[in-house]
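Please arrange chain B on chain A, whose structure you already have, making use of the hints.
As you go down the protein sequences, you meet chains A and B in turn.
Reading the first sequence from the start, the letters are residues 1 to 692 in our numbering.
Reading the second sequence from the start, the letters are residues 1 to 692 in our numbering.
Calculated directly from the structure, the hints in this document are not laboratory data.
Treat the hints with care, since some could be wrong.
It does not matter which identical chain is used: a pair holds within one copy or between any two.
[Unchecked claim] Computed list of lysine to aspartate or glutamate pairs in DMTMM-like fashion (alpha-carbon distance at most 25 Å, straight line):
(1) K465 / D478
(2) K43 / D209
(3) K390 / D32
(4) K210 / E482
(5) K367 / D137
(6) K43 / E474
(7) K303 / D314
(8) K367 / D140
(9) K368 / D73
These numbers come from a predicted model, not from an experiment.
What follows is the residue order along each chain.
Number of protein chains: 2
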Amino acid sequence: MMETGETRIPDTTDARVLDTDRIPLLEAATVDGRARVVIEGVKPEVDGGRFPAKRSVGEQVQVEANIFCDGHDVIRGMLCHRPAGEAAWRETPMQPLGNDRWRASFEVDTIGAYEYTLVAWIDRFLTWRHDLARREDAQDIAVAMLVGAELVEAAAARAIGTAAGRLLDHAARLRSATTPAASREVGQDEELALLMAAYGERHHASWYDKVLALTVDPKWARFSAWYEMFPRSCLAEDADHGNFSECERRLPYIAEMGFDVLYLPPIHPIGDAFRKGPNNALTITAGDPGSPWAIGAADGGHKAVHAELGSLDDFRRLVLRARDYGIEVAMDIAFQCAPDHPYVREHPSWFRWRPDGTVQYAENPPKKYQDIYPFDFENEEWLELWLELKSIFDFWLDQGVRIFRVDNPHTKPFPMWQWLISEVKRTHPETIFLAEAFTRPRIMHRLAKLGFTQSYTYFAWRNTKQELVDYFSELTWDDSREYFRPNLWPNTPDILTEFLQYGGRPAFMLRVALAATLGANYGIYGPAYELMEHEARDAGGEEYLDSEKYQVRRWDLDRSGSLKDYIARLNRIRKENTALQSDWNLRFHAIDNDMLLCYSKSGAVDAEGASTIVVVANLDPHNAQSGWIELPLDDLGVDAARPYQAHDLLSGARFLWQGPRNFVRLEPQASPVHILRLRRRLRSERDFDYFL
Amino acid sequence: MMETGETRIPDTTDARVLDTDRIPLLEAATVDGRARVVIEGVKPEVDGGRFPAKRSVGEQVQVEANIFCDGHDVIRGMLCHRPAGEAAWRETPMQPLGNDRWRASFEVDTIGAYEYTLVAWIDRFLTWRHDLARREDAQDIAVAMLVGAELVEAAAARAIGTAAGRLLDHAARLRSATTPAASREVGQDEELALLMAAYGERHHASWYDKVLALTVDPKWARFSAWYEMFPRSCLAEDADHGNFSECERRLPYIAEMGFDVLYLPPIHPIGDAFRKGPNNALTITAGDPGSPWAIGAADGGHKAVHAELGSLDDFRRLVLRARDYGIEVAMDIAFQCAPDHPYVREHPSWFRWRPDGTVQYAENPPKKYQDIYPFDFENEEWLELWLELKSIFDFWLDQGVRIFRVDNPHTKPFPMWQWLISEVKRTHPETIFLAEAFTRPRIMHRLAKLGFTQSYTYFAWRNTKQELVDYFSELTWDDSREYFRPNLWPNTPDILTEFLQYGGRPAFMLRVALAATLGANYGIYGPAYELMEHEARDAGGEEYLDSEKYQVRRWDLDRSGSLKDYIARLNRIRKENTALQSDWNLRFHAIDNDMLLCYSKSGAVDAEGASTIVVVANLDPHNAQSGWIELPLDDLGVDAARPYQAHDLLSGARFLWQGPRNFVRLEPQASPVHILRLRRRLRSERDFDYFL
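One chain only, chain A, in its complex shape (with noise of 0.2 Å):
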């Protein structure tokens, strides 16, 4: 068969045109109607081909469709791929599923844009060979000898090389042959099938009427640790205010933790104009700091660093720092003002302006921001804003930033994500856009539809085990998993669940457990969340009490009972699991128990035979749980008929377990969750240490 080759672009003409609502008789004459084969229901194809599948670099990208053409013909078909730019396809034989599904699959192996579409035609040869091995009248069968050397013959002409001589032979003994059972060997013969998939004329191809667009994005986009952290709260010991150095010092902390995104607020001069006070107080006094996202002052806007943090050399100086430890430095882009950014003044044209002469701030009535002024999307220089805006990425870029958490990118026309992400990605395809957007459903997906690599989720708000079960089979099974890349964060600067301030050491504990090993992708805001920060402002409320947010915080990092060590814990298993490096091979499994939560990954199998991970959690912080699990042995390749060991990479536990179902109990002041490797026995019954 023919795995890659060059094909000619699609020629809409082939089936497509037939297919417009009504053809005048003259121009049906100049398409061809001749194209039988049907290609319909491709999957992925997010709303209809509008907007590309997303995958990360070494992923397969497994394509479907339905394939089917009138009558009882046989069909072949091509997965035709490539990356974009390049002009020839490569090509993968579609293999039949059965109900007229068919599938392939191709690996992208580079970072950037790629595009897919489907070519099938009957083929004569296959057709004629089935109906050969059917035939039973001496008669038939002699027309059809005739029949397939001329279908051989027309291939020779087309064949380069030795084939031809041989497609040549093949037909001379069809022509020769004698006997029905003579004729029906010759015809079968397994390298005349070869040569014929190779040479056979792809007679009235139908190409699939659309060019379908899918982004590779880069590994972290799959699976990445992030840990956000106010730069200004890294303190020297005398110091009342953090910088840069101080957070390369703080480096090693947040590796030996595991962690791969350092995901800082904004970095920008901070406003003076009504700048908010510590628990954001309307007023402030001397020395309070403000909030990082009212952005812009005198000194400078998107494109400056706060001068107490440092230089930007002092910047770029700790995105290297960070590299060393594998980790790459996260900014935030929040497209807002200060009401002293440089662009109010520069460009008053890119805000409302109200009729008594003052410049339109946030609000939501009765609610006011008046520190922050919104960019009016609707100006006459729109155009402009894009480009300036987009000019904030390319020189964050240009100091080395990959990753970017863009701030409520909802309250920004869709319109420009989409255009200013793709020209983004245009030049640097490995740079990675987490939308941060705790809003409606819809809303959510059409941001990731547009272009951004990952999402904030619900994660927070999902307690239950009904919740939990819930979500994130949307999450994993639907059909919105092609381009929604959910990354889980149990608490963040504006978010402290009710769950977290009322369930103590076990909450944070599970909370943390569940997104590492939900989600690949997962972040925390620390150090407030292992050092189990818990007061909030207001009852009722998730805002922190003296958040970071207006205020510099000192932490005592080496303060008895941090997760520190449980979170490094986390981070070393789903690094050395591939299990939990992806999302979509999540199951979840009965338990007998509401307040239990049971589910599996499985993974490529590691070099102890192992490849599942089943995780247990107990969803109640406060007591004991217990109950029956129920695994599905077959799927998760474990042999039911004898033990097995249940190996918990959290605790270092070893349970001996056999059959379906087994039994646990979760203690959660000890520990809430087991985190279990599944280990198959190898070894003879009557090794002592049998298990591997």
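Quick look at chain B alone, frame taken from chain A:
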């Protein structure tokens, strides 16, 4: 609100171009990046808008879409619709359903093609009004009044007639309001809101990027009862071959049973070569009439009439006489030829020739059908062939036929059907095409998408409760219902199911009642059905013994035990209850016996206050079965606190029921099915006859 009106044709430069994968910077300047509203997820939309959805005349077309924008602005949206060919859109305002889903409906009142699309925009006035109601700060409100006045004055400049003056009055009131309370009051004025809805500008409107198509068919496409009959078996007493005149005599019989469509197998000259004898015998004796599907002989092909049936005039008279009885004659179109069809001689290029100089007959090795020559749709003159095949429809349309049952459409190219049907419907939009395809599901669905008005289904082979519930849930609720209109046949000349062979009279009563109530379109092949013909040719097969396909049959229509009256009652019930005249209102209900099936349909409330039909069917033709049904009375509009009547329209029995759970028992020999009209109590309890 503006209910209808003229708007410009969608200009794709509005919002769509920005959605392409990559926009060169310069090009972005030519489009409007300020169109901030997103429209997506439109339903109905068949295969991404590639095929039209279907409705019948008088139906509502309910269109839904996700509509949202960035931020918190208030959106307005319009469903735009028009008969194809009209320039102006008619508009219906979209209503929000929550979760960013919107809906509007329009009625289609003429047969033919329609188009629809959507437009939405940010309504600055409504956004202003919404915010104003929530503002608390006096200074804010004062500024807001100035902003509002500017919006109203701009609308006044666009307004016509007295509206302009009224708007200016409102603007003046806005400018002169002094207190916050007075300001809010003049801002919330209802007349102002109405005027602004009519004259407020549609700033940066987003059009949905597709104009979607809709096919509106005649009422019969939605609701029809078909009767298939071989005209050659309509025999005069002394004749051995029937004719159209005798068919005319049969019309009162068919009309009394209540059928709307009389469908005749092919009426063309029957080939002599390889003619088949009774029971598909390969040899014949003189006088054997052959199969009507072996079309074409010396005296003509697809545009001729078999001489023994009468003349073309006789046929036309039959069509007209049938119409007097409210019956439409449907023809069978089978695109295949007997070896002596004139096409073979006149257009040899339309057939595939074998190297031995013979024409390739139909075959599915090892089976051979030497009496049938299929067309070779891959021949060089394929377009000429398409045109000739279309002219066959044109010819019979000219004879007054409006309904065609197409034989084996899945063995002819899909592109041809799409072209042919759309071409026919362009001049004859009232034409109905029924696809006879009992093949793989995706192929049947493709044919329906391509334009077939109705489709045969797998109903004949769905017998158990689970099979029926699963299959009709799919037909009724899947998105495919937008294009796939089922027509249910308990038997055909090719299909005598095992259930009918062995189930006796109860099986015949059950299956026709299921067909007539589960589907708005159904048909039977008679008189075999009403006379309960049940002997198969071969054990394990579905062919009728002494099938009319190969011989003339003399039926005794007055045979005692005929189901004629039972079927007449079924069809009368269908006509008297709108609930049974559509497919989408089907709901299954719980019943605690796997041999009993319960479902309901609700329609328009009739003169007696009843609207719901509940069907209970005993699927076991051999034994009486009983059980408790459970009805969702609230959904059915029945007062659960009072008794109500379940009136069996088949038997006349009236059951007094109360509450959701009620007992039923069905004795199959007497009546395997209840068709119950739920009658709500309308008069006082003191009246004797208190049920309507």
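If you check each hint against the structure, which ones fail?
none
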